[in-house]
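Since chain A is already given, all that's left is putting chains B, C and D on it; use the hints.
Residue numbers (the working numbering), protein chains in the order written: chain A, 28 to 241; chain B, 115 to 441; chain C, 16 to 687; chain D, 5 to 226.
These are calculated hints, taken from the structure and not from any lab test. Here the structure is a predicted model, which is why all the values come from computation and not from measurement. Note that CB positions come from ideal geometry on N, CA and C, so glycine has one too. There's no promise every hint is true.
To be verified - Residues from chain A shown here face chain C by an in silico Cβ test under 7 Å; the list is partial:
| hint | residue |
| --- | --- |
| 1 | F46 |
| 2 | H79 |
| 3 | T81 |
| 4 | T187 |
| 5 | S204 |
| 6 | G205 |
| 7 | S206 |
| 8 | L217 |
| 9 | G218 |
| 10 | L220 |
| 11 | G224 |
| 12 | Q228 |
| 13 | T229 |
Chain by chain, the residues:
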Amino acid sequence: MVGFFVVAVVVIVVLVIGFTKQPPTVDYSNAQSGQPVDVTLQTVGAYGSAPHPTWVSYLIKDPSTGQWVHTSYFQVPAHTRVNMTIIQYDSGSPLRNQQIGMVTGTAGKVALLNGKPFHVYNSNAGNGVGHTFSIPTLGINVPLVGNNANANLCSAAPCTEKSPHNVLKFSFTSPGSGSYPWQCFVPCGLGFLYGNGGPMQTNGYMAGFMKVVA
Amino acid sequence: MSVAAEGGAVSEGSGAPQGTDEPPRKEASHGWRLFAIWLVLSAIVDPLYYIFAGPHIPPGRMSSTAGGAVFDFNILIVLAIPVMIGVWVYMAYAIIQWRASKGGPEPEGGPLAANNFKIQTSWITITTVLVLFLAGFGTYELVQPEGAGGGQGPNPIWTPTSNTVLPIQVIGQQWKFTYRYPTFGGFETTQLVVPQGVSIAFHVTSLDVIHDFWAYQLGVKADANPNQDNVAFTTPYQLGSFVVRCDELCGIWHGAMYNNGAVVTKDQFEVWAQTTEKALAANTKLLPPFAYTYTPDANGADGGYYPDNVDPYSKVETYGATQPGSG
Amino acid sequence: MAIDITETPGTDFPGETPIHQPAMRRGSEWLRPHMGWAVVGAVVGYLLGHWFGNIIYGQNTVPQNTGQNNVAIVLGLAFGVAGWLAGIGALTYPLAKLVGREPPPPVPETGWMRYFRYTEDHKVVGMQYLIGVLTFLFTGGLLAMAIRTQLLSPTTHVFGPDTYIAIVGEHGTIMMMMATSAVVGPLGNWLTPLMIGSRRMAFPRLESFSFWIFSAGYLVILSALAFGGFPTGWTGYAPLQTQASGGMDSYLVGFAVIGIGMIAAGFNLACTIINYRAPGMTWSRVPIFVWAVLATCALLTLATPSLLAAGYFGILDRTAQTAFFVTEHGGSSFLWQNLFWFFGHPEVYIMALPGFGLVMEMLPVFTRKPLFAYRVAAAGMIGVALLSFFVWQHHLFQSGINPDMRPLFMLTTELISIPTGFLFLVTLGTLWKAKIRFDAPMLFILGMMFNFLIGGITGVFLSDVPVDVTVHGSFFVMAHFHYTIMGGLIFALFGGLYFYLPKMTGKTMNRKLSIWHFWTFFIFFNLTFFPLFLVGLLGQPRRVFEYAPNLQTLNDISSVSAFLLGASFLIFIVNFVWSQWINPTKSPDNPWNSLGLEWQTPTPVPWYNFERIPVVNSDPYHYGEPGALPVADLGREPLVTAGVVSKEEAVQPGELESPDDTDDFDPRPPIL
Amino acid sequence: MNDRLAADESFPALKETPEEIAYELRAQEGALWTGSRLLIGIWAFGAAGLAFAYFYLRSANNEQLWRPDGITAPTGLGAAIFVTSVACALLIAYGNRRFRSGVTLDWQVAGWLTVFGALVAVGLQIYQLTDLPFFPGSSGYASCFIGWAGFNIATLLVGAYWLETLLARELRLRRAVAEDGGAPRSALPAARLFRANLEGATYFWGFIALLALFFWALFYVL
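Extracted from the complex, chain A is given alone in its bound form (with noise of 0.2 Å):
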């Protein structure tokens, strides 16, 4: 009996802990007050390693240590510039919904694409859009364009500027405090039907919060 309860509430305890696990939180609120953040994120095709080696993922580069952290949890300040820079490991192809070509939310409207600014992709043409990167409660959305699915792209995590890459950088003020989700609208999960399954289903993959403190 006693040995039966035991065991009960060290599954329940083990369960909850496993539930209540999410992703670490990259810290980019550190920063001097009033000073705009730079954040960088980067898409790898194929994350490498265990537990699954063929999603693609997002990963988030911590500030105070430069190290690339495997996740898609960050923390920016409230009402500050946010700078975005997004290197794209991965290849693209052209969009189900070229809705999502277009950059929205951003100042300007637009981002750079390796320095050069624009609106609209083309997905049709080129190499495709590979991921996006979008806060739909923000109306943020930056189609982050593709690599030539042909060149030897980077196929573990974290990858390194010596692989082929699009630079992508775009700037949003942050809102009032709060959690909100962000996620990439391309149907990058291979292999799952309608390509939205595994990663694009998974916190930490391609799917997570930009938490805003005041």
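Chains B, C and D only, in chain A's frame:
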């Protein structure tokens, strides 16, 4: 369960003649007392509800269909209140009056206590009448305001009487809604703006799994199915903003799949639509031509749920361009 | 009756025949099949299936790309279930049958180990089901509290959104699986033979099978968490289902496994009720609970195949890459919805009807009055069972199919409230001028009536298409079905447990704790779920991890009450453990002074239930009738004298001699 | 759990009267009758799910992908499976007639042939699955066909298993009932239940034949 009260009341009302071989005096009193309590309470609570709570029932009266739903809801509540009062009053009465600790006579068994034909038939009759009335009333309310705002599939049978219907396409996708305005060049946007006083046909469809377009204050709800045009009608009456939510579980971001829409005057709408059409022109020409359904691509951006050498795709255009992985 | 007492040969009761029996080859207690071996079998089976799945499918592109092999998971789970059944010994006889063996003569199991075995005693199976159902219930309850924890705040996330929908799906599925067996499993199996005056079930092995596959279903559905959960909720809508990760396989296999168990349980109970009624137990004397079980069995056996078909298609879509539910490959996303709800709506009544039956069964005992309108009640439950096959599309009012059918389905849905309303005709009629004793079961009955009224009436709102446009898929629906299932079925279950546990275990439950349990349960149940009607009406969809900030107060009331509701369950557990094990009080044979046949047995009930097969005189509701006959002649009178069995038909003692002593053939009727 | 829950097991042994044995025997026969019909009902509802999928997808014909180019599964194999199933059902029906007239040997031969035939049909069905001209996910027809193949295999295996257990049991019963007129005639309980069981199995085989006919028409003819 619907008509417990009426039936309950009748069972009390006609409870009097049940024990004809007994002195009927005391028999009758329970029934009539219950009936009186029920009548008085219902007569008080029903009008109170209708006058004070009725006008404030969500989702309000922003559109024809929302108004219809609220009216229907109120009628149902007005019918439900006496039923519930009836059952609860009866139960409370039984608990107080017929509890064992109060002593009292032993209950009577026998066929009369087990089977009172009159009460049974009146119960069945009353519930049946009420249910048939509700079904008839519900049908009328469904047919009357253009299908009550529910999704009616590709060939709607209850359509608005007005000649000018503004079509707006709602495209559900994991995990957001986008809207196309076919009468304005088919631009696609994440903003939903609708004009006041114009009948609107929402053509709801999906690019992947099932979603559900729920324009809450407009009283519109229609599933977004892949490859299916699901039409729902409404006519907005009041200006203001409304909430759009996804109402069918569609994966991780189901709870975050919402945005706000706005009802504006007709003139404002024209201005908004034409400006947006211009602003989005560059992107609009990259979109596939407007159609009521688009064939989603079962494969993702980089191919594969179904193997590439299977080729059912070639017969139809998928939304966007042909995916490289899908042959 | 093939059960023979090998231990007591040669008793010289007239007519009792000592027969030759092959010596029982009983090994050590621990080597015979029991739950431990089942666990071993399940693990071995899972590993074997997984390995096999990887061999045959591992090189396919889908597992290569996703890193996840659905075939291996499905085969692993299927083999695991088979291993579980083999370990418990469920497959021994079906295999022995292949060489024509008669079943081994069962020896009544004794001792606590029998609760971990594959037994043929319906009372043991009933107790197993009770523990099983409570395990499901408490697991689902903990998950429910996890959900309410997340919804304490509109924007702060205790769980990530992916974990949250996994929890939601797990809670829904576990609870739905539990609820299909909540009353029929423990009480239906335990009581039915006693109520109809039978010594046994028609197919006792099938009955035991239904429990052990039910328990395997628990492990399968829990395994979903190990594979990352499933994102579809308990309805499993495709094509989201086809897209989902490995947890979805657990859902599909789990529902299939539970479905097989449901069919087996319903099949056995239906055959038992139809054929094993004691002499004199005519259809108009059958206890109302048995009618409820019979109506439920019709649904269990005939609606569940539709679920199995749907699940089978789902598994094929996920493993063989067929396209039943994928529109652009010639399938249809509506197909799952239709098949699932064709099962799903009768399933709602699989849950509701036994609750009705139980309430109506217990009520006369506490009112000391005959059951009012017995025939209407029985006809009503059959009517509900029939009509429930014709209402499924009311779940699809906004889905965009068959708009022209909507008035029809609105009508059938509202029509079903007529027979459902008979519950109130019966209960209110029975309360009329009664002498009500407020013991714990009676409190639960009244609580059930209170809750089910709200649940039922809101059901009418949902059936009305214009109102449904607003409330469909919102928390309003959620509150509605919690009022009917939890407020109805679970209240009836606890009432039934307080009522029948003294008979089932021979120990009375503590009265004070029972009444505390009722009041906390009733109050916090209503405080938890009533606000959710408003939350739904104010526009909160189901299964969301975020909601509008203005709904926080209502959600918080609900959440806090939910935790207290959880605490109320703890009172039950404390009461159960205290009254059954720590400080047991022996119960008299008939503590409630009931007329029911099941109460006329000694406590604890002998494994053969009745010393003589009873001859039934009347229905068990003749309260308040001083001169009424006892419900049954508990049978000193031989059946021949009662005119039930002709002399010619009765097997003569001589016939039972085995013609050949060397054969291990038992000439008596075998247990099927 | 501890022992107190199950403490009292000191009941008098069960002493059945012959009348009670007879009464329960009748109940058992009845349960077999009810059960075999109910099983057919259960199986029919499962098949109805498949038929519903067939007609639903056929009438929806999404993307004109119900059955592109009128392609079917290999018809020769399909016909062979269908003919084998129906022949088995006819054979066992004939065997059962012979059994009722007291000729157990004919029934045994017909029965074992039926079991063999069912296994052959299962084998053919599996072979056909490896030899399909379409990918499972390529059309509605393809999906339904895969579904039917699996369902058919399950049905045939259940029918074969049921019949096999009866055949084996009859062999084992044979000595015991020999003096009493053999399995077809004996009044012994085991023989009576055996006959009730056999009657159910025969009905089930008739049902298998109907299913085979119905789905053969759906998948190869229509």
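Consistency of the hints with the structure:
no.	hint	result
1	F46	holds, 5 Å
2	H79	holds, 5 Å
3	T81	holds, 4 Å
4	T187	violated, 24 Å
5	S204	violated, 10 Å
6	G205	holds, 6 Å
7	S206	holds, 5 Å
8	L217	holds, 4 Å
9	G218	holds, 3 Å
10	L220	holds, 4 Å
11	G224	holds, 4 Å
12	Q228	holds, 6 Å
13	T229	holds, 6 Å
In the structure shown, a violation is registered for the earlier hints numbered 4 and 5, in ascending order.
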